[in-house]
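Chemist: Below, each chain spelled out in residue letters.
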Amino acid sequence: MKTTYLSKIRRWLKAHPSYYWKAPGIILLLIIASCSIKIDSVVQPGSVNGGDILPVTLNVTIQTNAAQTSKFMVAVLVPKVWKASQNTTITFTSDITSGDQPMTLIPAGTPAPNGNGLDWPTYLVNKIGNGGNLLNDYEWVAFYSNAAYAVGGNVTVHATVSIKIKTSMDNLMFKLGYCVAESTDGLSDPQYYNSNFPGCFTVNGTGDLIDFCNPQLAVVDPRTSLDNDIITITFDGGVTLTALNNASQVYLCAKGYLTNGDSVTVCTQTTDTQLRSLGLNRWQKDVWPRGYFHLSDNQRLARLAYFFTDASGSVMVGYGGGADPFTYTFKCQ
Amino acid sequence: MKKIFYLLIILAVFAACKPEHMAIPSEPLKDINGSWQIIKATRNGTDLTTRFQFSQFRIHFTDSTYTIDSLVPFIVSKSGRWAFDDPHYPFSLSFTATDSATKSSPLLYPVVEGQRNIIITFSPGCTTNAYQYTLQKVN
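Chains A and B supply the protein sequences, listed in that same order.
Letter 10 of the first sequence, counting from 1, is numbered 10 in the numbering used here, and no numbers are missing.
To convert, take the position in the second sequence, counting from 1, and add 333; that gives the numbering used here.
Chain A with its partners taken away, still in its complex shape (with noise of 0.2 Å):
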C-alpha cells in the first residue's frame, strides 16, 4: 500500500519538477505538526488478592511540537466498588523532572479541557469508552499533576507512572483502562491522548463472582441494591445453548430469603412473572421485589435464587445453564 502511494508521488513529482524542492518541506511541516503522547508498555499483575495494593506501571513517551506548559492527567478506569477515588495514589517519574512527582485526584465536576462544560469522569467515557466491561458499575477516575510542566517544541519525553490501587475484599474479573493527556488539549484530538486495556484483571476475593469481562446468562442491574430499588434482571439465552433456546416464552421462577431465615417463592407463570423479549434470545424483567414478593412492612430481603422457565414451568434453566438457580446477595457498596 505504501509502495503504491510512493509510486503516485514519485510520479506526480516527475510530472510536475518544480515541486521537487518543496516536497521535503512539505514533509518537514507534516512532521512538525504532528504530537504525540503514547503508553508504550502497561506492567500490572494478572490477579491479586482481594485487598490487596494493585501496583501498575505504565510507560510513557511524550513528543512535542512547540512550547507548552501543562499538567499530565492520568486516568484509571476501576469498578466502582472499589471506590479508587478515596483508594489510589499516582506518582511518576521523567526525564524532565526530579524525584517522584506527586498527583491529585481530579475534583468532581472540574471541566476537562475541550470538553464541552463535561467533567473528565464523563469525557473519558464518552471518549474512550468502557474497555468492553460489561457490567454499567464501572468508572473513569482522573488524577492531575500537582505541578505544570514547561516543555519545550519537538521535544521527547520519557515518564514512568507509578499507580497504587488498594482493591475491595469482592472477587471479580475486570478490564482495567488506563489513558493520559495533558490538561491544555483534554481529549480534543487523538494525538493529545493514548489509552490501552490490558485485558481481564482477576481480584480473588470473597462472595459472588463479579465477572465484568466474560458475557453471563443473567444479570442484574443495578449491581448492589436493596429491597426497595427497581432490579431489571435480563437472561441472554445467546451466551450458551440452554433448554430454553427455542422458548417462545419466559418465565422468572424466584425464592427470596428474608433476613429473618424465611423465603418466599413467586414461581408461577403469569404476566407478572414473564420476561419480555428483546430479541436474538435475549429476556429481560424489571422487578420491585418488595412487591414481588408482597412484603409487609418488616419483612426484609436478604438474597435473591431464581431459574428462568418455559411457559409450562418444566424447563429450568439456572447458573451456567444448570440446575443450581442463579443468586443475587441485596447489599449496598
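What the hints contain is simulated information worked out from the structure, not anything from laboratory work.
It is possible that some hints are incorrect.
In silico DSS-like links for lysine-lysine, alpha-carbon gap of 27 Å or less [said to hold, decoys possible]:
no.	chain 1	residue 1	chain 2	residue 2
1	A	Lys83	A	Lys164
2	B	Lys436	B	Lys373
3	A	Lys331	B	Lys411
4	B	Lys335	A	Lys331
5	A	Lys38	A	Lys164
6	A	Lys83	A	Lys175
Once you have looked at the hints, place chain B on chain A.
Modeler: Quick look at chain B alone, frame taken from chain A:
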C-alpha cells in the same frame, strides 16, 4: 409682581408632585393540591417509564398532607405530611410519613406544554441508585 408670579408657579409645580407608590409584585405560593401521577421515571439515568407498572400510582396532596395509592418504589412508603422548603421559591420537597423521619428531595417545578410538572430525585434503596420521577397532575 413678576417675582411673586414666578414663585407661585414654582410652588404650584412642586405642589403637583406626588410620591408614586409602586407595588412590588410578589411570587405566588406554589399550589400542588390535587392528584399527581408518574409520567416519567428513570433509575441511574435509564428510562423505566414504559418498562415498569407506574400507571396506577397516585399521590394526592392537600394543604399539608398527602396520601399514596398503588405504591411503587418512592421516597416514602406511607401517607403523611409534606412541605416545601420555601412556599414561594421551593427547591426542596419534604415528606414525613407516619411514624417515620422526614425525607427530602431536590425539587424542579417546570411547566411543560402548559402543564405544571414536579420532578423529584431520591434513593429508595441503596444511595448509589438515584431515581428521578416526573409527576404531572391528573386531570
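Chemist: Against the structure shown, which of the earlier numbered hints fail to hold, in ascending order?
Modeler: 4
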